[in-house]
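Protein chains in written order, with the working numbering: chain A, 1 to 205; chain B, 1001 to 1191.
Think of the hints as simulated: they come from the structure by calculation, not from any bench.
Some clues are possibly wrong.
As the list claims (entries may be wrong) - Ranges of calculated distance between the beta carbons of each label pair, as one might list FRET restraints:
| no. | chain 1 | residue 1 | chain 2 | residue 2 | range |
| --- | --- | --- | --- | --- | --- |
| 1 | B | Ala-1027 | A | Arg-182 | 19 to 27 Å |
| 2 | B | Val-1147 | A | His-136 | 20 to 28 Å |
| 3 | A | Ala-164 | B | Gly-1123 | 47 to 55 Å |
| 4 | A | Arg-130 | B | Met-1085 | 40 to 48 Å |
Heads up, the beta-carbon is just placed ideally off N, CA and C, and yes, glycines get one too.
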Amino acid sequence: MPTLRTLLASCLLLALGGAVLTVATDGFQAFTSETARRLAVLRDPPPVPAVLLETQSGEQLNLADLRGRWVLVDFVYTRCLTWCLALGGEFAQLQDQLAAPLAEDKLVLLSISFDPAHDTPAELAAYQERFRGRGHDWIAARPVSHDGLRQLLRTFGVTVVPDAMGGYVHNAAILVVDPQGRLVRILDTGNPQAVAQTVRRDLER
Amino acid sequence: MIARWPRPAPMIATLLYATLLLPPVRAWLEASMTLQMLVQIPLLIGVGYLLAGALPARLDASLARWNEHGITSLVLATLAGMFWMLPRSLDATIGEPWMALAKFISVPLLIGLPLGLGWPRMGFVVRGVFLLELIATFFRLGWLYLVSPVRLCNNYLLDDQQRAGEAMLVIGGLILAGVVAKLLWGRFDRL
């Protein structure tokens, strides 16, 4: 009898545990939080909060005012010497690749700083100049309040960790916001061609 | 005849648990992937393992009727262990308070306690299978953490992840050495 009972208990636990593991990995698709956040966004696009930003020219801009256009968002800090250098270069390349929709005002690029204490409008403008970015369809901005920054990081799923060199490491990505102001896609950095292609497809739909 | 734990075991478990819950200790252990995975979680498992000795003998005996050779224990501990091996779960304990709570409750109660109850009932073969699978898991995950070019946890740095990988290979090697030593010089009826 103990053998049967043990078998029964083990089978029940296996079924229960299997169910928990299935839920915990989104059906064995997402083992890391980064994959999980990408899946979650595809399934149920979260609305982007109406956060007040200050741009590289010192103007105030509410994130909600960008509705009606597609927005490509990245998170940066201008002192960064690694990922953000790649990201900045990538946004400059996207300005070329997506020149038509940018000119037609269907799309705008937005770099948001998560280091607002250091990244003043002057620093943000210098950051764009470093990549020869053209100002008008690429906005670089910092959140005006600390609370706004927290809301942005939470909604966009950005985790910032201080590194040993006084800088930060973060899960860099290109975040796609649709004209309804919802975060609909999270794309990998490092391949601007693929990003441009995806965005063009989205624009045509 | 099952050997009972000496009396101080539950007290040591309580003290250890209280220490791990202290905010500065928690912050220190969770600041690094290596410390969270290879120190904090194993100590939480230890808390549950020691608690097994505090169960009343009657409860222990009635649970044992469902736990022949400690198999049920092993199934439960393995499943709960798999959950906490997901990089995603580890990552979430940093930002989500309810996941941190789940860790502090489930790791002792669903991994440590079943192992504490089941280990004395496991025979040579069951223990051998468990230990070899544990060693293989350390090697597999250690290798993965060592060579992965992407960060598996958004909250931890890549060099920390690689250190955790190295440490897992070392731990796997040490357990393997222990098993080999036991096989060469130990008694076969008890591992």
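A range of 20 to 28 Å was offered for this pair. Does it hold for the Cβ distance of Val-1147 (chain B) and His-136 (chain A)?
For Val-1147 (chain B) and His-136 (chain A) the Cβ distance comes to about 44 Å; the hint is violated.
Beta-carbon spacing of Arg-130 (chain A) to Met-1085 (chain B) - inside the hinted bounds 40 to 48 Å or not
Holds - the Cβ-Cβ distance for Arg-130 (chain A) and Met-1085 (chain B), about 42 Å, lies within 40 to 48 Å.
Confirm or reject the claim that Ala-164 (chain A) and Gly-1123 (chain B) have a C-beta distance inside 47 to 55 Å.
holds (48 Å)
If you check the beta carbons of Ala-1027 (chain B) and Arg-182 (chain A), does the distance land in 19 to 27 Å?
violated (35 Å)
Taken one by one, the earlier hints fail for this structure at numbers 1, 2, listed in ascending order.
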